[in-house]
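Engineer: Sequence:
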Amino acid sequence: EYNIKRLVHFESFEDVRIAIHREKQIKGWLRAKKVALIIAHNPAWKDLSKCCGIQI
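When we follow this note's numbering, the leftmost residue of the sequence shown carries the number 1, and every step to the right adds one.
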């Protein structure tokens, strides 16, 4: 459905409730704000799944 090709941003949390809250927060953002978040931490939009052992 979404045709995901690479992981460009992720955050980890010890408390699942905080993670769910953050996910809902980001989902409510406009696309431009989401893109700014990615650029702030991964300006080259590198595939982070390869360095972190995450399978897409």
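If you are wondering where the hints come from, they were derived from the structure by calculation, not from laboratory data. Incorrect hints may appear among the rest.
[Said to hold, decoys possible] 16 Å max Cα-Cα, derived EDC-like pairs, lysine to aspartate or glutamate: (1) Lys33 <-> Asp47; (2) Lys34 <-> Glu23; (3) Lys34 <-> Glu1; (4) Lys27 <-> Glu11.
Engineer: A separate judgement is required for each hint: does it hold in the structure or not?
Structural biologist: Against the structure, the hints come out as follows:
Distance restraint check for Lys33 and Asp47: the Cα-Cα separation of roughly 20 Å exceeds the 16 Å cut-off, and the hinted pair is therefore not satisfied. Proximity of Lys34 to Glu23 is assessed by CA-CA distance (about 11 Å); at most 16 Å being required, the pair is judged to hold. Proximity of Lys34 to Glu1 is assessed by CA-CA distance (about 20 Å); at most 16 Å being required, the pair is judged violated. Taken as a hint, the Lys27 and Glu11 pair is honoured in the structure, with Cα atoms around 14 Å apart against an allowance of 16 Å.
Of the hints listed earlier, those the structure fails to meet are numbers 1 and 3, in rising order.
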